[in-house]
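S.K.: Work out the full structure, taking the sequences as your base and the hints as a guide.
Protein chains: 2
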Amino acid sequence: MKLLLKNAQIVNVFTDRLETANVLIDDKKIIGVGGYDDSDADKVRDLSGKIICPGFIDGHIHIESTMLTPSELTKVCLLCGTTAIVADPHEIANVCGLSGIAYMLEASENLPMSVYIMLPSCVPSTGFDETGAVLEAENLAVLYNHPRVLGLGEMMNYPGVLAEDPQVMQKISKAHEFGKLVNGHAPLLGGKGLDKYIAAGISDDHECSTEEEAMERISKGQHIMIRQGTAAKNLDALLPLFDEPWSRRCMLVTDDRHPADLISEGHIDNIIRRAVKAGKSPLTAIRMATLQAAEYFGMNGVGAVAPGYTADILVLDDLETVKVCDVYCRGQLAVSDGKVIDFKKPEIRSDIRKTVRNSFYLDELSPEDFHIEPEGERCHVIKIRPGQLLTDESITEINFDRNNGVDTKRDILKLAVIERHLNTGHKGIGFISGIGLKKGAIASSVSHDAHNLIVIGTNDDDMAAAANRIRTMGGGNAVVYEGKIIAEMPLPEAGLMSDLTAAEVASQNEEVRMAVHKLGASAEIEPFMNMAFLSLPVIPSLKMTTLGLVDVNSQRLVPLFEK
Amino acid sequence: MKLLLKNAQIVNVFTDRLETANVLIDDKKIIGVGGYDDSDADKVRDLSGKIICPGFIDGHIHIESTMLTPSELTKVCLLCGTTAIVADPHEIANVCGLSGIAYMLEASENLPMSVYIMLPSCVPSTGFDETGAVLEAENLAVLYNHPRVLGLGEMMNYPGVLAEDPQVMQKISKAHEFGKLVNGHAPLLGGKGLDKYIAAGISDDHECSTEEEAMERISKGQHIMIRQGTAAKNLDALLPLFDEPWSRRCMLVTDDRHPADLISEGHIDNIIRRAVKAGKSPLTAIRMATLQAAEYFGMNGVGAVAPGYTADILVLDDLETVKVCDVYCRGQLAVSDGKVIDFKKPEIRSDIRKTVRNSFYLDELSPEDFHIEPEGERCHVIKIRPGQLLTDESITEINFDRNNGVDTKRDILKLAVIERHLNTGHKGIGFISGIGLKKGAIASSVSHDAHNLIVIGTNDDDMAAAANRIRTMGGGNAVVYEGKIIAEMPLPEAGLMSDLTAAEVASQNEEVRMAVHKLGASAEIEPFMNMAFLSLPVIPSLKMTTLGLVDVNSQRLVPLFEK
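Line by line, the protein sequences give chains A and B. Counting from 1, one number per residue, gives the positions in the first sequence under this note's numbering. Counting from 1, one number per residue, gives the positions in the second sequence under this note's numbering.
Quick caveat, the hints were computed from the structure, so don't treat them as lab data. Keep in mind that this is a model prediction, so the values were computed, not measured. Wrong hints could be hidden among the right ones.
If chains are identical, the list can't say which one is meant, so a pair holds when it fits in one copy or spans any two.
[To be verified] Straight-line alpha carbon distances no greater than 25 Å define the calculated DSS-like cross-link-like pairs of lysine-lysine that follow:
1) Lys484 with Lys354
2) Lys196 with Lys28
3) Lys174 with Lys29
4) Lys29 with Lys192
5) Lys2 with Lys192
6) Lys196 with Lys29
7) Lys196 with Lys6
8) Lys196 with Lys43
9) Lys339 with Lys192
10) Lys6 with Lys192
11) Lys28 with Lys174
12) Lys2 with Lys196
13) Lys280 with Lys192
14) Lys28 with Lys192
15) Lys192 with Lys43
16) Lys28 with Lys344
17) Lys192 with Lys50
18) Lys354 with Lys323
19) Lys29 with Lys323
20) Lys339 with Lys50
M.R.: And the structure:
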């Protein structure tokens, strides 16, 4: 069936111009743009006064961070005009290994948004991470021939690249062998170190927080992904990149964005809107969000409204609000007048589904499991910095006579990270300051990057109750007070994602957040987000893993008690 | 061995800026650009006052048109700063088929200039061409995995694309299956026809002669090759493409350039120089001639002076004259102070060499072979247009009583095209006007695209002598007067290329040219070049093939005598 979209103004991403022309589409492809008329088509839509542009592309996203399944995320993204994302299933791979990647591929097959996959490069992130799987170069290699696998995901292990670690270099060279690209992640790296990192064949970066950093990278050949997520917001600092010559080497990404933000603010459309509001050209911003991402990633025939291109097309109200009315994905109407058109959810093979839905392998816990046997009076305590993922370390006097060392008056709470993939019984227990809970406990299966069970509490009973609730839910977030669950959010898909809609997830998330604040959590922090990063031993300075405390700067285990 | 090039200004093709920095090279690759110093290197060159830029890339060239072997062409190109060419061995493939392509690949292996190959898409060009080989999609497919084969060469058969000819579409889809691109060639095609041609997956064009034509193509997603050859010179008309946004989708090519021009004017450097003289930015022109060609063709790590890139580097005097002092190719000095450093010529397998050097299969010819048996008094005569490849047709009264119809006073000469690949005895003989020879005859093995033996003369004896000389030389150009060879140029490689140096070829070419003019050839024409296109039945309007006269517009054979 031939469809004619007529009388709209078309954003030409090859020329940065608006053209008035008609677009003729046949099935999935654009036949042409120009003097086509009603007689060429089976169906005609008059779009007078509207703008047509290519569908937006998110060049770097972790689906797991949205807590939504690919299907549910697709609905939110489509409403924002996103017709393609490049996802790194890094979190689920730490939990379920190759089955996790297979899940992401299957759960995103034939969606009305194209989901491309970058293979996670750092599973686990360090030797301290007890993950559900370890992925080496040869494990990943089998997947490069998948038509939606575009390369190797963010190579966070930049010290490994600089040291020419054979395992790391093998992962990179394997991707190159298959003609695939390698995403970067090396915040603040510059000069000769950056040269070496780039020369290894790592061709982009999404961690730039200053224009100087981004411009050095562009000058050295990298492509820059301007990131605006829920926590990491780099757009304002990187606005100068929307000007020439920089814009030619940039694209737009969200990396990690929560469902509430996706619903209220938007997705890539939100970044474009903000850039336009800051005075940047909408035509440039749209080019960055479409053609440039597509060409960088080698997505053939995607990213433009032009002959032979896939008909991923947006109908916008105007170029100021970037309000998305209709979305065509592969020639099919996917959003009509601001409403997503129902689509069939992909089937997932039962074995894969079973692995992902049963990712917890952990015996029931008792309050005694959270008990700390005193071996001294002074402990290494993790201190949270509000609004940051960085933590500090303090040596603090702990009085074990009362409540096994917890002291809510001084904001000294207990923190535990419990291995949950292989039921090894490994656990790290210690103290944390800065969360501010006055009572109860919270627990979660989201704890980067290994996603073990993490618990913070004011007493061992509530900690055990919260932890066991996560266990019985098969993953999620829980808030407990006096043994009772007062709020919870199940994340049954690998302990990372919900099976509910974006609106439901956003609402549950808010309930859980409010419940923690009711227990006294400091208004300055996002308790579950801060907690989720307390286990990541690549962000300084003191973190808790299943093996115990880790001093990130020296990459050494630290005993709880001062010696 | 680590080499430091210091104190030069570096053309940054990512930012269109000049940077003062030092470049550190290790073996074939660039380690980095920046604050490297003597202590980082084993060898240091001070390039104060000089400019460093990436090596130039010719995105579309026919090596055969230079009449030089790949080795000899490399020497001339290197002196001009060209470190990579994309060659379509279209002419030799018409003569020797896959062996011809194999010859080009072998003869260009490991040269100090990178020679990439596009597989000829139209062998033969039409059904009227009796060629040495017919290449179908499956014949070509075996070559796509060669690391230097980048795609399918110029798809001249655009009527075949528009008619969705299955053979043509199969050639295109086979290239795409291998992830390769398809070069275009569809002069003056626009509108819906162009949309269809582009939508078939043909992503560039080098035949644009007006800015409007080029801009339409860019707007529709094609990349434009701005061509400046010996005969076809499009630069002046396309100068507006050196401005934004157009320049981003353009590269520079020569297509067909003769050795004398390469020596006296240059190669890609000449195009840059001319553009700069016309007021265009040298930084833009260099970007078009380097990074943009490399990225378009997917040449990984080529086209920039940046970390991890192949060290194809030029040292220029300045950005106005674009004078090339030194050339590094893959980190090795290839030109030093304007002189090519000797290199080893590639070995060619003896069977391939034998096929190419023995491409003539034709019995000796006698004057009788050129006799026309009168069947009437009025003939269809080809009329040459000076300075053009287009020909006209006239119905002319021929008096067969004298000299079998040749009448030098009226400039009616005899023209013959004789099949020479399979010794079929097929020949087309007729009359030609516009060459102006008053005596003698000329013959050549260069006659597009089938490269049969072509002869023009004032009498049958000289025509036979000239033709036989081409035959005994195994290819070339010859000028005969009263039975004697008065000038000749052997082209023993497939009847298309010399085995001499560029200077020798240029000088022979000039001798032959002068000799024809001495025989009376019109000063307005280039006799051998005009003659070479008299056999190409895709350029209107009347042409001569081994099957006889062809009316190009109707694509029909035409009898010599008016009926």
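S.K.: Against which earlier hints does the structure fall short, listed by number upward?
M.R.: Numbers 1, 9, 13 and 18, in rising order.
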